[in-house]
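J.: Model the placement of chain B on the given structure of chain A, informed by the hints.
Chains as they are written, first to last, in my numbering: chain A, 29 to 409; chain B, 544 to 806.
Heads up, a few of these hints could be off.
Computed far set for chain B versus chain A, every beta-carbon distance over 10 Å [said to hold, decoys possible]:
hint	residue
1	D580
2	T581
3	V584
4	L608
5	R619
6	E628
7	G685
8	D690
9	A693
10	A694
11	P715
12	H724
Partial list, computed: chain B residues near chain A (C-beta under 7 Å) [claimed, not checked]:
hint	residue
13	R698
14	S701
15	L757
16	A759
17	Q766
18	S785
No wet-lab data here; the hints were simulated from the structure. What you are looking at is a predicted structure, and each value in this text was computed from that prediction instead of being measured. All residues carry an ideal CB built from backbone N, CA and C; glycine is no exception.
Below are the chains, spelled out letter by letter.
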Amino acid sequence: MTHDSRHVQRRLVRVLVLVNALLLTTSAAGQGEFEIDGMIFGMPEARVYVDDYDGPPVVGDTLTLLPNIASLDYEGNTTHAIRIDTFVQEIEIAPGVRYNAWTYGGAVPGPVLHVREGDRVVFTMRNRTDEHVVITEPSSASPFLEQLATSDYQQAETAVAPMPHSMDFHAGTVAANDKWRSIAPGETIEFEWVANYPGVYIYHCGTPMVLMHTAMGQYGAVIVSPRDGFPTDDRVDREFVVVQSDFYLTSGGNGLQQFDAVAAFDKKASHVLFNGHRNALSDAPLEANAGERVRIYFLNAGPSLTSTFHVIGAIFDVVYYEGSPENVQRGMQSVLLGAGMGAVVEFIVPEAGEYYLVDHEFADKEKGAVGVLRASPRTTN
Amino acid sequence: MRHLASIIVTIAASVLASALAQGPAPDAIAIPAGNFDTILVIDEATVAIEAFALSRTPVTNTQYLAFVQDQESWRRSEVPSVFAERGYLRHWAEDLELGDETAAAPDAPVTNVSWYAAASYCDWSGGRLPSEYEWEYVAGAGVRGDDARAAQLFRWYSNPTASLRSVGTGEPNPYGVHDLHGLVLEWVEDFETVLPGEDEGTPFGIACGAAARLLAGNTLSDQLSLMRHIVRMNFSANKGTSTLGFRCAWDVALGGVYAEGPR
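So that you can see chain A by itself, here it is in the shape it has in the complex (with noise of 0.2 Å):
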């Protein structure tokens, strides 16, 4: 091929790049929906979209920061629409270990949803990785604001670093390749899905290399409840969300830690934390009293190790497993749980004390999975 040959060719390639971003893509969504079993398919397609959105990083009534969960005061199903932004904060996960985390909303893991079976999320995404984000002033967009401007434990700090990043809520029934897409600095993206199924899920980034964007800190829970509840519901005094990660660092430049390839493909994480800070659950222990009746949301997020979760000194009255009414096991010591799996935990606080959470893979409890709850006297008799 001639020089000149090949020139004209790479004019044409320039050509069809800018055809190709202009013209429209179809796709098998938005099809339209369908009910089956009294659930909703068939989603509109995503939006992917460029626009000046500068606002609150985190919006919307029912995200709340570790390890609070929002309380759904209506009746029957509602839609969500909702906001988490993606960004990058410098945090704190141990005393003097700091790095430039890839969050959802500022935070690692990022904001609680708490949703009803049967609801509607209509969620958007800015991806703001070449943005200076500022997550601690007051806020009223979310709970998840107001929370972090008063309890901010990571000590965030704004960062940029960009990169292309996605959402994959677990808890919706989706085509991945559609609204889990990737989206470039700048874009934003728009999709919903319906609470199919109650549970406790993880949602997560889904760009390659995803095992990379988790470990840099791009997961969080969603708590889907049951319908019409679960059985116990009426019994539970306190509610608290645990969400156990590991992470992957090393010492880098300019006093911060930074992403260990090696040991992320080996799995030998660095640190195992619950609620993304060795100390999150000592510096603020879960508060109960004796004779209460504990529920724990927990979820293991990964992204690489199981978590053999238990509470020194209970023993967990009814779990239900994957966060389902229908899974119930009785009087288990421990709940088993791969990477990127939940559960619902209940226990009775036997007596005035303190009860250590950890996972009881005790290699991980090492690395910092353990929290505290701490129990006052018994109030009533």
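T.: Same frame as chain A, but now just chain B:
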């Protein structure tokens, strides 16, 4: 549809009419022909790379400033958004003034440039953007198959803006080329090459991380190449970021005089 067609024709005409070969002589390294073992199993296992020349460093702010001084239509206030979205050269103070931001340092790599802008700069330099194979062929030297080195390079992604510095200040790679890793990501000519089935959700799709199955070898360095591919592929041709720059390539057939790499 007619309206769309007329837009495309207009734009195509303006692209084809852009200036050619008015820039300064390239500071480039001669890259010998050779075989490149491809990274993805969907490709041929080995492809032949013809001899070419590759810019010794990424294009700097100073070099790019010379381009927009000469080519008015590529100035920040002049360029149509279809070729460069807002954000184009946003680290510069003015159309023709670099300003004080660290990223705007004269010898720092130019960033916040679209693929169209990068390709036009290379036209102006009498060259072109390197193909992805060409870029990876050179960038793999001293890295490919070395997991420890690849792991080191992965760490750049943890804090990419912290490593911003002048081009050409680090160690060259075995070809004598600088800054292929650890400074900025770089545009390539065929960045938009779509893997088969990517849009259709077939078993060969890459949505949600099914990409690793396409790797010919499960080495960290190939994971690194795949990551670059995925990142570049996800950018639109009219967008840029603060960590995306470029360098140019030249066909050796042009007969230029290039430095010989140490290899």
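J.: Hint validation: R698 of chain B versus chain A, beta carbon distance must be below 7 Å. Holds or violated?
T.: With Cβ-Cβ at 4 Å, under 7 Å, it holds.
J.: Minimum Cβ separation between H724 of chain B and chain A greater than 10 Å?
T.: holds (14 Å)
J.: Is P715 of chain B truly not at the interface, in the sense that its beta carbon sits beyond 10 Å from all beta carbons of chain A?
T.: Given that every Cβ of chain A is farther than 10 Å from that of P715 of chain B, nearest at about 21 Å, it holds.
J.: Could you check that no beta carbon of chain A comes within 10 Å of the beta carbon of R619 of chain B?
T.: The assertion about R619 of chain B holds, with a minimum of 16 Å to chain A.
J.: Hey, does D690 of chain B actually stay past 10 Å from chain A on C-beta?
T.: Check fails; 7 Å does not lie beyond 10 Å.
J.: Evaluate the condition: distance from the CB of L608 of chain B to the nearest CB of chain A exceeds 10 Å.
T.: holds (22 Å)
J.: So T581 of chain B supposedly isn't at the interface. Is its beta-carbon more than 10 Å from every beta-carbon in chain A?
T.: holds (17 Å)
J.: Taking the closest pair, is the beta carbon of A693 of chain B still more than 10 Å from chain A?
T.: The assertion about A693 of chain B is violated, with a minimum of 7 Å to chain A.
J.: Min Cβ distance, S785 of chain B to chain A: is it shorter than 7 Å?
T.: Holds - the Cβ of S785 of chain B comes within 7 Å of chain A, reaching about 5 Å at its closest.
J.: Once the closest CB in chain A is found, is it more than 10 Å from E628 of chain B?
T.: Since the minimum Cβ distance to chain A is about 7 Å, E628 of chain B lies within 10 Å and the statement is violated.
J.: Regarding the assertion that D580 of chain B does not contact chain A, is the least Cβ-Cβ distance greater than 10 Å?
T.: holds (20 Å)
J.: Is the Cβ of G685 of chain B more than 10 Å away from each Cβ in chain A?
T.: Check passes; 17 Å lies beyond 10 Å.
The structure does not agree with the numbered hints 6, 8, 9, 10, 15 and 16 stated previously, though it agrees with the rest.
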